[in-house]
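J.: In case you want the letters, here they are:
Number of protein chains: 2
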Amino acid sequence: MGKGIIAVDLGGTQIRAARFDHQLNLLQRERALTLAEEGPEAVIQRLKQYIEKVLPPSLSDVAGIGFSSPGPLNPMTGVIIAPPNLPGWRDVPLADIIRSEFGLPVFIGNDANVAALAEASSGAAQGHRHVVYITVSTGIGAGMICDGRLLLGRDGLAAEFGHIPIIIEQDKVSSVELEAAGPAIARRARAALRAGSPSSLSELVADDNGSIDAKAVALAARAGDQLATDVFAHAGRIIGLGIVSILHLFNPEVVVLGGGVSKAGDLLYAPMLDVIRQHVLDEAYLKDLKIAPAALGDDVALVGAAALVATDGGHLDISELDRLF
Amino acid sequence: MGKGIIAVDLGGTQIRAARFDHQLNLLQRERALTLAEEGPEAVIQRLKQYIEKVLPPSLSDVAGIGFSSPGPLNPMTGVIIAPPNLPGWRDVPLADIIRSEFGLPVFIGNDANVAALAEASSGAAQGHRHVVYITVSTGIGAGMICDGRLLLGRDGLAAEFGHIPIIIEQDKVSSVELEAAGPAIARRARAALRAGSPSSLSELVADDNGSIDAKAVALAARAGDQLATDVFAHAGRIIGLGIVSILHLFNPEVVVLGGGVSKAGDLLYAPMLDVIRQHVLDEAYLKDLKIAPAALGDDVALVGAAALVATDGGHLDISELDRLF
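Heads up: the protein sequence lines correspond to chains U and Y, in order.
Note that numbering that gives the first Met the number 0 has the first sequence beginning at 0, numbered continuously upward.
Note that numbering that gives the first Met the number 0 has the second sequence beginning at 0, numbered continuously upward.
Keep in mind the hints are simulated off the structure, nothing from the lab.
Check the hints yourself; a few may be wrong.
Where chains are identical, the list cannot tell them apart; a pair therefore holds if satisfied intra-copy or between any two copies.
To be verified - Calculated lysine-lysine pairs in the DSS-like style (CA-CA distance at most 30 Å, straight line): (1) 171 x 286; (2) 171 x 289; (3) 262 x 289; (4) 286 x 214; (5) 171 x 2; (6) 286 x 52; (7) 52 x 2; (8) 2 x 289; (9) 286 x 2; (10) 289 x 214.
I would like the entire structure built from these sequences, with the hints used as guidance.
T.: The structure is reproduced here in structure tokens:
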């Protein structure tokens with residue numbers, strides 16, 4: 000029988016630790032608040048404590064510990080660089096710290112890369128070798144699997160879909176994230192309201208301008224509000240153009256869309272798909288292309304962190320997930 | 000001793016065939032005019048004839064035949080789809096035809112992918128595992144090597160750098176190629192002249208508007224002409240923005256620039272590097288990044304076609320180039 004895997008989801012709000020068996024079946028899961036405001040040392044103490052909770056009696060039954068963590072981080076060295084939602088973290092050698100605590104192999108991946116591995120191993124991209132996973136929420140991240148292997152680049156900084164530059168006017172350069180992530184949707188709606196466009200959202204503004212977020216815009220759009228619909232259409236078009244770049248550069252089999260904003264569904268998908276069809280170089284890129292919502296729910300980070308261990312930090316072919324154990 | 004390799008460069012103007020030894024040393028080279036206007040059958044006949052010329056006495060001493068061909072083509076099936084500069088070619092199963100003629104393994108790659116392999120095996124990107132090769136001439140093509148392997152995508156349609164969409168105005172979508180390839184440079188110069196901008200190029204226009212090509216614009220720019228300099232600056236900025244996308248998506252070690260237009264040097268490089276520095280997400284992408292002109296000259300396609308055989312059509316790691324033989 001194969002060894003078990005420990006997976007840890009280090010988030011800005013929650014820490015989750017789990018034990019998987021050798022076939023990536025979840026055996027045990029524990030969760031705690033991150034309490035990031037207490038700083039790195041307290042959080043690392045808590046991480047160790049929750050890893051301890053899910054460890055089997057004998058460490059020799061464990062293949063390794065995988066982490067899903069917010070970026071930027073260096074997956075090659077296991078150093079967390081400076082995640083915006085982990086205040087006080089600056090060049091923390093998390094892999095070294097956990098490795099020396101438990102004496103086990105440790106692999107760390109950024110949350111989008113890890114989610115890509117998860118969706119490819121047991122989610123919407125299962126069975127595919129050319130996979131693009133895009134998450135649209137507070138930021139826009141991505142993970143790419145190229146011919147079965149996670150794309151990392153020299154220092155693990157690859158797959159930053161959100162930072163594809165987009166020219167907005169003659170010389171004004173923006174990015175996919177700055178135009179289409181949740182905060183951009185909210186900002187664009189507020190700007191249109193300030194400019195005097197009529198909208199059901201103006202009731203919220205009268206109350207508190209800050210209370211308009213992407214979710215409120217989505218609700219208004221679903222109720223037929225034109226301003227809100229237009230704002231989502233802009234975001235969808237920009238994401239669509241980004242995906243056109245991705246199709247031409249990676250020629251994938253599947254594009255998986257995750258993240259809170261992607262749950263807006265057709266509000267985002269319809270303009271996005273229009274732009275893709277309109278600007279793709281050749282029909283061949285769309286033939287048999289699957290564009291699908293993420294299939295894994297809350298456990299995506301844990302499944303992906305386990306898959307990260309099984310693929311030796313994403314360096315092995317994902318077919319190893321079937322073979323290794 | 001290892002086996003020799005046959006390499007063929009199928010171009011719109013010339014056919015070249017060569018024999019390499021097992022260490023990619025060129026042993027023999029033959030060339031002929033393509034005479035593409037005679038149609039596929041005549042050209043294929045000529046290809047066979049020139050392959051024959053460079054074959055060693057015994058076919059069992061040959062590892063395989065590699066082709067560099069204009070795209071679009073499918074490297075998985077070895078079918079040439081419809082190259083603009085090979086009139087009459089439509090879904091030609093070139094790999095099958097050559098395989099059944101000589102009974103040898105045949106590998107076909109598009110010219111930009113093949114050039115990327117060449118530069119990585121013995122050119123400006125030698126010794127690197129994360130390589131982006133970009134060629135700027137009549138079109139803009141590219142080849143990517145991700146962690147040692149040629150990026151092909153599902154059907155070999157990946158790495159189309161020239162077709163990254165670029166928004167030029169609010170809703171007008173263009174592409175890197177449409178804004179920065181040779182014909183775009185010429186077109187932009189002619190448009191500026193027609194709009195009445197003063198330029199030394201106007202002498203050429205008085206003569207024959209069509210005689211303004213990218214080379215003429217480069218010559219005028221080097222002589223200090225402002226219009227010509229501005230036109231190259233636009234092309235350089237667009238290529239720079241495309242490279243920013245590439246840095247964020249691939250996190251390469253090296254970006255190699257080839258193709259006729261890239262020989263404009265600083266006219267293109269200075270605005271390109273400015274844009275890269277200005278819009279890159281983080282200094283980490285630029286640290287130790289090498290941006291270099293292509294090092295291989297006319298033989299790039301032959302060297303790359305030989306490397307294609309040595310890497311089993313780009314599926315094997317480029318480190319096999321050292322190991323296999």
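J.: None of the hints should be skipped; say for each whether it holds.
T.: Hint by hint, here is what the structure shows:
1. 171 x 286: This pair counts as between: shortest inter-copy Cα distance 26 Å, intra-copy 34 Å.
2. 171 x 289: between (33 Å within a copy, 27 Å between copies)
3. 262 x 289: Intra 17 Å, inter 40 Å, cutoff 30 Å: intra-copy only.
4. 286 x 214: Neither, since 33 Å and 39 Å both go past 30 Å.
5. 171 x 2: This pair counts as neither: shortest intra-copy Cα distance 53 Å, inter-copy 55 Å.
6. 286 x 52: Intra 47 Å, inter 41 Å, cutoff 30 Å: neither.
7. 52 x 2: within (17 Å within a copy, 58 Å between copies)
8. 2 x 289: neither (34 Å within a copy, 42 Å between copies)
9. 286 x 2: neither (40 Å within a copy, 39 Å between copies)
10. 289 x 214: within (26 Å within a copy, 43 Å between copies)
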